[in-house]
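J.: One letter stands for each residue in the lines below.
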Amino acid sequence: MLNYVIRRLLATVPVLIGISFISFALIYLSGDPTDFLLPVNTPEETRRAFRAAQGLDQPFLVQFLDFLAKAITGDFGTSLRFQQSAGSLVWERLGATGELALAAMVIALAIGIPGGTIAAYRYGSVTDRAVRAISLLGQAVPNFYLGVVAVIVCAVWLRILPSGGRGTVEQLILPAFTLGFGLVALIARVTRSCMLDALRQDYIRTARAKGLGENRVVWKHALRNAFIPVLTIIGLQFGLLLNGVVVTEIVFSWPGIGRLAIQSIYARDFPVVQTIVFLSAFTFVMLNLMVDLLYVVLDPRISYK
Amino acid sequence: MRGSLRAFAIGFAASLLAFAAVAANAQSVPRNRTLVVAQNFDPQSLWPNGTTASTNLNPGGAIVEPLFWVNPRTSQLEPLLATAFKMDSPTAYRVELRKGVSFSNGEPMNADALVHTLKVFVDGAVTPAYALYSTPLDRFEKIDDHTVVIHTKNPYPAMALVLTQIHVIPPAYWQQVGHAKFAQQPVGTGPFKLTEWVKDDRVVMDRNPNYWGTAPKGVERVIWKPVPDDTARAVGLETGEYDIAASLAVGAAPRIQGQPNLQLVSVDSYRVFNMILSTLPKHQSPLLDKRVRYAINHAIDSDAIVKNLFFGKARVLQGQLLRKQQLGFDPDIKGYAFDPEKAKALLREAGFPNGFDIDFKIPSGRYAQDREVCEAIAGMLAKVGIRTKIVALEGGEFLRQLRVQELGPLSFVGLAPPDDPHFQLSQYRSDWRYTFIQSAELDRLIDEGVKETDVAKRGALYRQASRLLHEEAPTVPLFLGVDFYGASSRVKGLLPTGDQRIYLYGLSLE
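In order, the protein sequences belong to chains B and E.
Heads up, the first sequence is in my numbering, so the first residue is 1 and it goes up one at a time.
Heads up, the second sequence is in my numbering, so the first residue is 306 and it goes up one at a time.
With the rest of the complex left out, here is chain B:
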């Protein structure tokens, strides 16, 4: 088991280097940061001096290797736009994004899993159809639209929740719901189909035959067996939440890394973009590893050697 974990961790190294290289190359190709950082009428000498001071006049590979060498020591360089350590800029905002992603996931799980389970148990009923309809809606409605509608309804019409910002629980509700809604749909759908399958299995009949109550049959025996694909989805989606986070953070003025990422990309702020990409890739890889390890907890038949 420990061996397996170490092997998996080692395998992340080439992944991270590869991803860093691709994102570095993409931003490098996309333009000169001085276009954004200095006013358009800045004299060319000042521009040149600025490039030299920031190391932007070096060849591409030199810049990349330099970044990599420093990144290993945990130094992601200095933001071109903020003139501060890129690492600390991202770190300051990481908590906000983590809080939002976690809250969205909690909402998605709290609604999606019971919803999917009940829909499967009452297959073909009105509840089932309602869950399916909501799932379809959740996957079809884009985040930014849902966010704006939520703000207009809850903040402008009903005046029950603030329109944005971070700090209070009220301020967390709308963005977390917006971000979580698409997930609710996905999780409910996967849970439903896996539960449909599980409920047809022999062990469920056995459980019922030995006189167990329906609640125990459904929530313990069936759900636990149906849970592995759901867990996989959760793991993958947690990483993909970062996608939705960008839009949600902008709509709700949430001070997280999604917003920082977008602004940094527009401003060609290489070090910050690199840090965020690096960190997201790392998180993604770690979450997958965690999911794989959780399989063992859920299903004792699985083991890693």
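None of these hints come from the bench; they were simulated from the model.
Any given hint could turn out to be false.
[Claimed, not checked] Simulated coverage check for chain B against chain E, where a stretch passes if three residues somewhere in it have a Cβ under 8 Å from a Cβ of chain E:
#1 22 to 32
#2 71 to 83
#3 87 to 96
#4 148 to 155
[Claimed, not checked] Which residues of chain B face chain E? A partial, calculated answer using Cβ under 7 Å:
#5 Thr-42
#6 Thr-46
#7 Val-251
[What the hints assert, rightly or not] Counterexamples of contact, computed for chain E against chain B with all Cβ distances above 10 Å:
#8 Asp-443
#9 Val-503
#10 Ser-552
#11 Asp-662
#12 Ser-813
A virtual CB, placed ideally from N, CA and C, is assigned to each residue, including glycine.
Since the structure of chain B is provided, determine the placement of chain E on it from the hints.
T.: Just chain E now, with coordinates in the frame of chain B:
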């Protein structure tokens, strides 16, 4: 498994409560004496000379003050940390500082502080964003404790504008912390002191009890919130979360105007929207023929654009790039009248009876309504036979192409140079990076204008330059941008400037 889940849930709830408690703690100033301003971005720096972005200057300028400012209510240069300046000679400008002013850390604001500030201001490595202003400055001479003479390399009539850009910093504190940290924790003489800055969430500043001047009445605290989404800024204003919302979308303006407890402030921007019609030989196109450039000028109906896309709030330019209020504006230039028939005739005369095809480069999402404006223009051009293919460019690519003169032969730009006619016109000097005209005569007028300290003579030179540009038509002057601000009716005296500066001087809260 279940136990750990419960522990997690409890931990999560506890952390939420902790956030709520922190938020509640910060609310020691009552809401009705707090001014909440929503801008589209968080500042990168609170040192005003760190960047030229208004989102930085607005909060930064409330802490670190400049020598002078141009009061938008009077359009006059008014003193702040300096009380007066006068020209000793065309290359020496004497600045008298206000007496008895201290920085909020106790350091005196005096000639030493100003000389130090000026040295930082001209240091291109630390202050690259202000290079355009600082290049003509040469050396600085302390006369007495409150008098400094600024020597320039050559006569520099735009000095007044430069003095509004110089924000005075406390030398000892600056040397102690360095410019990077100063940008995060600025100390100045201003009406407010920085209390807290939570990145991308809020900049909180409280009243400076020892402020030398008149602080905004009724304002104990100012909170600057970055709200990137256009809709969210307008919505937050409606719900009363913000007292001022900057950079409102054009579409949001009429809705704000209709509400009893809100006010809409529309400000003529310094941003000049025009079309580039390149006259450079390297941009081979029918536009090299002056008659074609006239034809395009006659084909565009700027009034219709402003009326339909900006609710009539933007100002149509009068055949020239300078505004009415600027030195060098020539009231005799009337602009090319909207006349499609005349345009067609000019095209026939130039040998294009059936029109022609041409690329039209436009920025996408960089300026308010840019796409819509350009589509309207393309439609107008099509009516006289000029078939354009719109090439929409992302912001960065657009700026790059502008800088390396690739935006020719035909494009749409909106540039906002500093508010002096020299900065506007010098963009057309033959050697300027993004000029689209080569004219020795124009170069001469620009070079003489920048050194002419006699205001009347300077104005005459610029009027000549404006006429020459009108005659050669390397552009279609379209309209001045308009900036929309929304505010609660509790806010009195809100009048931002055309470069999106929100000064707190003269503002009050009921």
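J.: Now, for every hint given, state plainly whether the structure supports it.
T.: Evaluation of the provided hints:
{"no.": "1", "hint": "22 to 32", "in the structure": "holds (count 3)"}
{"no.": "2", "hint": "71 to 83", "in the structure": "holds (count 3)"}
{"no.": "3", "hint": "87 to 96", "in the structure": "holds (count 4)"}
{"no.": "4", "hint": "148 to 155", "in the structure": "holds (count 4)"}
{"no.": "5", "hint": "Thr-42", "in the structure": "5 Å, holds"}
{"no.": "6", "hint": "Thr-46", "in the structure": "4 Å, holds"}
{"no.": "7", "hint": "Val-251", "in the structure": "5 Å, holds"}
{"no.": "8", "hint": "Asp-443", "in the structure": "16 Å, holds"}
{"no.": "9", "hint": "Val-503", "in the structure": "7 Å, violated"}
{"no.": "10", "hint": "Ser-552", "in the structure": "14 Å, holds"}
{"no.": "11", "hint": "Asp-662", "in the structure": "28 Å, holds"}
{"no.": "12", "hint": "Ser-813", "in the structure": "25 Å, holds"}
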